[in-house]
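Dock chain B against chain A, hints included.
Sequence lines, in order, name chains A and B.
Going by the numbering used here, the first sequence opens with residue 33, and the numbers climb by one from there.
Going by the numbering used here, the second sequence opens with residue 33, and the numbers climb by one from there.
Each hint should be verified, as a subset may be incorrect.
As the list claims (entries may be wrong) - Below, simulated DSS-like cross-link-like pairs (lysine-lysine); rule was C-alpha separation at most 25 Å, straight line:
1) 38(B) / 38(A)
2) 108(B) / 236(B)
3) 173(B) / 238(B)
4) 238(B) / 238(A)
5) 378(B) / 300(B)
6) 378(A) / 299(A)
7) 343(A) / 163(A)
8) 75(A) / 300(B)
9) 173(A) / 238(A)
10) 75(B) / 300(B)
11) 108(A) / 236(A)
12) 38(A) / 238(B)
Hints listed in this document are in silico derivations from the structure and should not be mistaken for laboratory results.
There are 2 protein chains.
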Amino acid sequence: MTFERKNIREMAGYIPGEQPESSDVIKLNTNENPFPPSPAVDKALSSINIENLRRYPQPTALNLRNAIATHHGIGKENIIVTNGGDELLRLAINTFVETDEAIAVAEPTYTLYEVLAQAHGCQFIRFNLNKDWSLPDDFVKSLNSSNIKLCFLPNPNAPSGTLLSVDKLASIANEFNGLLLIDEAYIDFIDPDLNHDCVELVKKFKNVLLLRTFSKGYSLAGLRIAYGIGDLSIINPMQSKTKDSYNTDYVAQKLAQAALEDQEYAKKSWDFVRTQRSLLKEALTNMGLPCVDSQSNFLLVSVPEVINAEKLYNSLKERGILVRHFKHEGQENYLRITVGTAEGNKLLLSTLNQLLSNS
Amino acid sequence: MTFERKNIREMAGYIPGEQPESSDVIKLNTNENPFPPSPAVDKALSSINIENLRRYPQPTALNLRNAIATHHGIGKENIIVTNGGDELLRLAINTFVETDEAIAVAEPTYTLYEVLAQAHGCQFIRFNLNKDWSLPDDFVKSLNSSNIKLCFLPNPNAPSGTLLSVDKLASIANEFNGLLLIDEAYIDFIDPDLNHDCVELVKKFKNVLLLRTFSKGYSLAGLRIAYGIGDLSIINPMQSKTKDSYNTDYVAQKLAQAALEDQEYAKKSWDFVRTQRSLLKEALTNMGLPCVDSQSNFLLVSVPEVINAEKLYNSLKERGILVRHFKHEGQENYLRITVGTAEGNKLLLSTLNQLLSNS
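Looking at chain A on its own, in the form it has when it is part of the complex (with noise of 0.2 Å):
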């Protein structure tokens, strides 16, 4: 006997990358920042006084939405907060997508949208991404003459790391019927001098989303705090009708602003992550690995055929070199690897060079 409704009962759910206790692993698979968080988020936790836990927090983090409004130059009622950015996919899709409506997503993706509009019982369409991992130039006619409610679009995408510019992200947005959620996880990737910043998109448009986390760029995974910035219309009915109550917690919160308000640290991190990213393509191609072009902390990297990228895999792991492998079509013959401290960068590098000479 099972209570569960039709559709969880029909779903798989989501299966997070492994997380493994020991430290000995060179940890390349998730996408996290290899540097600790900044030194500030140190000094606020030594100076939380466990007597605050006592009472519920702030229920919409509004000191956290204070910092980040002015990081931004926009309205805190644009800013909602959220438990991870897990949270606000799906309040996205709880709040906005009626269960006969349908999201879209353009292939291949960031696996979790599937599992969040199964959870919700809605249609989800797959479109594919050229095999440049550029988008189709009829992508937006598409979603139109499907009906798509919700597309997600992560930029930086993943697993390619490709970067969509503003302005092709403002044509979307501006052509779409929909509601357009920008998936921003690994913006703080991007080379600076592109001068990538959407946050105009939500003062011009009303139908568009960005979802931003302290996961990666500020080295906090482990906490659980990301935030939502768009149009009072997308913000207001999440912040008071659909989030949880009390959604983050104070330390959290604390934490989080304590690390957006070192900036010249998160971006001396950003800056080393890319001279890494770099160094990391360079010899990965010249080890006959090529990798997409990436604005992003990781690298999709094509195996070939006769080496076969799962194998690769498993012989990293063997190695204690944990990086991701998916089995999706399309994606069979690459693999997605972090870009790691220097340390843990020129040990991959090394063990490919064993394993690649040896096969």
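Then chain B, alone, in the frame of chain A:
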């Protein structure tokens, strides 16, 4: 223009109890524990290494689940750890109730239940408690004849503080065709002489889900940690399919575990609350403000119409004492007052004395 779903557009949202920033306010309105968390929580906080925040937390809070399972003498697979009790309530709805099915409560009850049902878009059916706050004899018959899929039963009840016995709950679970969620948010404040423990019900009945929280008994409302105890057929779908992948954070998991493991401290604080509850009840009754028999950390206080409960609420607020007044039908003539510190309770009593002698 709005993208909101019809049911979201039509609902109003939950209004959390006031959380004034000022520490001068005697806060007896949201049932927090008057004591700070255990010193063991402080120690756990000090030993957090922020390097660990860089990585994702344990997705199902494995260490904390193990501790909870040991505490209750039940398997860890019978436990789901959630981001506060709110999340468990929402998950129960999203996982088990189709939008054309119905949830039921016995009123008056915790007002969040209805808001969660509205957000889900399912039916919400209210039965009435008897005048003495007991359940009507035909309650389960009514549930079954209305085809109720999920029934929320807070025990001790809020706002009355009254308790249903384990035997009574067993007979409800046995007879009820749907899922019975017993919301035990206030269970730690029950007189220990009653030996009230519902964990055995979970082993006997596959339709019972218990909700426990660290917010009240362990003084950790600021952290957002609660858990559910139930049969595998209830826990599994929420654990692996409908909860957010990483729903609780690293710090909260660690601190909750520390609090749980210091039972001596926790029990002392519950004893204190019970002693103060008795004193407060006696004093209020002597003052012409009779209270419902409460097994919780609050008292539902009957205010004679001539005094007017809402006026009394406002007068207390003007004097820096926050209590709760609900405007719902049948509750207009009551105040719900959280049992505070000895000092806070004394100040409440002397202020009430002044106000009543002036009126």
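Consistency of the hints with the structure:
Note on residue 38(B) and residue 38(A): the hinted pairing holds, with a Cα-Cα distance of about 22 Å set against a maximum of 25 Å. For the suggested pair residue 108(B) and residue 236(B), the alpha carbons sit about 17 Å apart, so the restraint of at most 25 Å is met. Proposed proximity of residue 173(B) and residue 238(B) is supported: the alpha carbons are some 19 Å apart, at most 25 Å. Note on residue 238(B) and residue 238(A): the hinted pairing is violated, with a Cα-Cα distance of about 46 Å set against a maximum of 25 Å.
Of the supplied pair hints, the one linking residue 378(B) and residue 300(B) holds, its CA atoms being roughly 20 Å apart against a limit of 25 Å. Using a Cα cut-off of 25 Å, the hinted pair residue 378(A) and residue 299(A) holds, with the two alpha carbons roughly 23 Å apart. Restraint check: the Cα-Cα separation between residue 343(A) and residue 163(A) comes to about 24 Å, which is no more than 25 Å; the hinted pair holds. For the given pair, residue 75(A) sits about 32 Å from residue 300(B) by alpha-carbon distance, which is inconsistent with the 25 Å threshold.
Distance check on the hinted pair: residue 173(A) and residue 238(A) sit about 19 Å apart at the alpha-carbon level, within 25 Å; holds. Restraint check for residue 75(B) and residue 300(B): satisfied, since their Cα atoms lie roughly 19 Å apart, inside the 25 Å limit. For a cut-off of 25 Å, the pair hint linking residue 108(A) to residue 236(A) stands: about 17 Å separates their Cα positions. At roughly 19 Å between alpha-carbon atoms, residue 38(A) and residue 238(B) fall within 25 Å of each other, so this suggested pair holds.
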